[in-house]
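Participant: Chains as they are written, first to last, in the numbering used here: chain A, 1 to 430; chain B, 1 to 214.
If you are wondering where the hints come from, they were derived from the structure by calculation, not from laboratory data. Where a beta carbon is used, it is the ideal one built from N, C-alpha and C, also for glycine.
The calculated label-pair distances, taken between Cβ atoms and stated as ranges, are: (1) A:Gly196 to B:Gly203: 49 to 59 Å; (2) A:Ala379 to B:Ala149: 41 to 51 Å; (3) B:Gly99 to A:Ala379: 29 to 39 Å; (4) A:Ala379 to B:Gly203: 34 to 44 Å; (5) A:Glu229 to B:Arg184: 55 to 65 Å; (6) B:Arg146 to A:Ala396: 45 to 55 Å; (7) B:Ala207 to A:Leu184: 55 to 65 Å; (8) A:Pro356 to B:Gly99: 13 to 23 Å; (9) A:Ala379 to B:Ala27: 22 to 32 Å; (10) B:Ala149 to A:Lys286: 10 to 20 Å; (11) A:Gly33 to B:Glu19: 48 to 58 Å; (12) B:Ala26 to A:Pro161: 50 to 60 Å; (13) A:Glu229 to B:Arg131: 36 to 46 Å; (14) B:Gly99 to A:Glu390: 22 to 32 Å.
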Amino acid sequence: MYACIHQTAPDRPLTAELQALARAFSPVVETAGERTVVFPIDGLGRLFGPPDQLAAEIARRGAEMGLVANLAIAAQPDTAVLAARHLPGVHWIRPGEEARSLAPIPLKAMELPEELHQTLKLWGLRTLGDVAGLPPIGLAERLGEEGVRLYELATGRAVRPLHLDPPESRYEETVELDDPLDNLEPLLFLLSRSLGELCRRLQGDGRAANRIRLELGLEDGGRHERILELPVPQAGAEALGKILRLDLEAHPPPAPVTAVRLELRPADPRPAQHGLFLPPAPPPDKLQLTLARLEALVGKGNLGSPVLLDTHRPGAFAIQPFAPREERAGRAAETRAPAPEGPPRLAMRRYEPPLPARVRLRAERPAYLSARGIAGEVADAAGPWRITGEWWDARAWARDEWDVQLARGGVYRIYCALDTRAWFVEGVYD
Amino acid sequence: MTAAVPASVLIAGPRRRRETAPTGIAALDCLVGGLERGAVAEITGPASSGRTTAVAACLREATSRGECVAYIDASNAADPASLAGAGVEFERLLWVRCGRNAEAALKAADLVLHAGGFGLVCLDLGGVSRRELNRIPFSWWFRFRRAIAGTRTAFVVLSDHPAAGSCAALRLRFEAPEPAFSGRGPGRLFRGFHSRLRAEANGREHAVSFSAAA
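Could you build the full structure based on these sequences and the hints that come with them?
Facilitator: Structure, rendered in structure tokens:
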């Protein structure tokens, strides 16, 4: 037997009270939609008596919590959900009475495909009772699987297991130390033990972690907190431990550690199955570790995917975390951009920051260029191109740009800043 | 029937052809088939010879196939606007800026190659002096070659002077270009350049003309 509670106030989403009410009667609960919970009540007869008394008890506790809801008890979860959603008040649908009890429910209130809705309407069917009165074989012949499913719902014979909500668990470990730790190695040893325990629990629950929060209590009374967001949820203690080690080596605590609190935020693990015909992609767990190592090598903000900023300022870009979306089969053929026609577009190599330069002019055109590592007569030049922007901001720029070819080789983009009249080499075409 | 036995063990047997990935440069793909996967390709040439344009074309081809690519930038020289103009999908591009540190770039390339799964990894050593290139221990190149052997990763090294030696299965040497300007006076425009590149693969050398438009 199953009980279903449907909160009738449409403006209120599924509340913690509704979950708490269901969990007061059963440890396993399914959330069926925004305002509905369904849970098994087998075995509660010894505590509360027959189903009508149990229903009265649930209704009483719900009223104490201030819930406005319908309640239905039935042999199958779908029957209970249908009755709770569409029949106001409290209902106990006895086995064998499903079709009669559900008969008044209008078909238009059910979430059916539009095409099926129209077909049933054309047949003159208005309620679940009308569907229950039809011969099931004829319905299956005409409507296929959807027809069979609708008939089973209408007659209360739809059988399915509950889709249980994951248990609410906190994955955290706290350790108070007798003696302060002033070295990273013993601290990492301690963390690896805690991580091992937390990851074992995570894996047992079929979850993974997408955030590590480490809080270290310091001897001087301070606190050192590190929060590591993981783009790909992971449950491997070894990989998480390496990520934590790299971060702590880059950001060690400023004083000896007296307390450790480690918390993992649970998330659904990403399916690892990769298609046979999909292009190669880095394994997510290995990629995450590699990114952490690269960050330790080149520093934060120096790796990721570039993004062009919405401005005309030359060289404006940002770097965002590298998180390639998962490829799916057939994508290449569907969305592959056509190859550009004609010769490839010339790329530029930038000097960062732009190289200060000395430029000799002849007839107001560059005749000689000299900068660090670059010097020579200008053989040809195109320009000037005046560009200005963001004059309303402190980052305003105004400059005259030239493309110059040196006699000894190389085509460079140079510019003259209009405010200081200083020359710079921005980059080289390559 | 018995298989033909070479007269000497020093005579190389038939070379096994690896899978190739198109570079996006039609003339080059026709001649050498593209970049060999699981092998090192070396692109060298003077400044303004079209090396970076060729690498951007390779990156565009790889990302358009849905592959992830990595660009290890030893001199922070990459221009995102140029890469976007070439059609590189940024979402699949991992850009590692090493801040003019060639040693960090080598270590970063090693990490990326050992992580696996990238369709194309480019190590950009452009701007690194010949002296510094010569100081790179040769074991690095053997290590890179070993890391990608048997994988579907194509590894491209871009530099001003040859550095990878015999570890490179394909060598592309860009020659000094002929810039193209048009117009006169203030209306004069830089249109791009025409260059030639020599592709050396499987013991053969091919000459390919290469153009890029500004």
